[in-house]
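Put the complex together from the two separate chains, hints included.
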Amino acid sequence: MKLDPAIRDQVLAAVPSLRAFAISLSGSVDRADDLVQETLLRALAHIDSFEPGTNMPAWLFTILRNLFRSEYRKRRREVEDGDGRYAETLKSHPEQIGRVEFNEFRAALAKLPPDQREALILVGASGFSYEAAASICGCAVGTIKSRVNRARTRLADLLAIDGVDDFGPDRATRAVLTGGGRS
Amino acid sequence: MKWRFFWGPNGRVMTKTVNREAAAQDEDKKVPDDMSRATGQRKGEVRLGREVQARIGQQLRTLYDDVVNEGVPTHIADLVHRLSSQDDGAA
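The listed protein sequences derive, respectively, from chains A and X. The numbering used here numbers the first residue of the first sequence as 1 and each following residue consecutively. The numbering used here numbers the first residue of the second sequence as 1001 and each following residue consecutively.
The following block holds chain X by itself, in its conformation from the complex (with noise of 0.2 Å):
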């Protein structure tokens, strides 16, 4: 058995415990199907045109940077210069 995580709606996170040799199958069964009805290719074939790449980019970093570009917050800054500048360096 293994942990896995899924997001629900809303930006839920939740997990459920999933046989992990059934959840294998299954991603083998579903993907290359996924992948052929999203380029109308054969499987083995999956290439994704450069403008859908650089969108998906576009977009995955934009909502990344969003949180990089909140910076250092005040807090963790400060704990890692105390921790720092302890003698022992030891937490």
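Next comes chain A alone, as it looks inside the complex (with noise of 0.2 Å):
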């Protein structure tokens, strides 16, 4: 059976959020790119049980996050990412928001519990309705709900914490920032 092209193009057009989503839950490019690799592999494989017109990315989200949740249940140790390729990424946009400011959201996001991190990225960064974003984890849409919302609140939380004490004339205007009322 040969792919149809339309479908082909579906599938490429979304590796690049496929990616990043991958990056954000195994912490290397490396890994991602595996796990992107062979995600991918299995899709095609089995690409009759895609529904055509249905979400695609969010059907390719589900795999991987299949793989990913199983390839790990089996390694029975303690995994790091030695590459630090993804902090790399997380460093590249100064300019922008400021790299200390920038910095400090990594470290943020990198606290929080992985079930929040994911929810937050499926709706905050990857675009996804909560009501995909639960199909993809497998849960209630008021899961995902609750999860992003506390992910957000954690994150605001650590923000206003971590750091107060490295922006001393910025630190009232960082206080309005993220969310303020704090003494």
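Some, not all, of what chain X presents toward chain A, calculated at C-beta under 7 Å: (1) Gly1057; (2) Gln1059; (3) Leu1060; (4) Arg1061; (5) Tyr1064; (6) Val1067; (7) Val1068; (8) Gly1071; (9) Ile1076; (10) Leu1083; (11) Ser1084.
No lab work stands behind these hints: they were computed from the structure. Idealized CB from N, CA, C, for every residue including glycine.
Given below as structure tokens:
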């Protein structure tokens, strides 16, 4: 069976976002690319189970997430991201946001519980609806909403606490930006 | 038991096993407290200001889009084209 070029193009169009999600899950560009390749192998081998007209990115994200989960259930040992490529990626926009603030954001994001970070990324960065994100994660819509809400709140909290000492003159500004009302 | 993943210092990812119930209890205990500290509001009344949400959203998309903007790596594009032109469609 040859793949319908329209379906193939839908798959290709989803790859950049799929990679970004894989990096956020695995914390490593190398592992993320392995995950993406494995996802595409499976997806294309089982393309008949994809219903044309439904959400191709959500279908691929679901496969990738399940692969990631099962891969790491098998690895009963501590895993570390040695290549640090994700960290590099996250440092690359000092001109837009401010390097210190951006690094602070990255550190705060890394402190979130994985379920919350995943939900926040799916909704806040990948652009999925709460419903699609719930389908990808195999949980209720309310659970996703709650995780996203907790993730945002926790980030705001972390960003308000961390680095206060580093920002003498900016402290008041930062307090406003990060929610205010804290002494 | 359940595997959980932790992002350690310097972007390193770590995993360890935790007891699911203990983790759930932990979460229940901690999160509302964090929420109320973050917003100065009672549990169940959590609301972040629009500016905070916008700022978090902007930073999140910036780091995500940085990867998205790299497009499709050549080896992955090749893989998709190769697989999609195979006669039996099997990987």
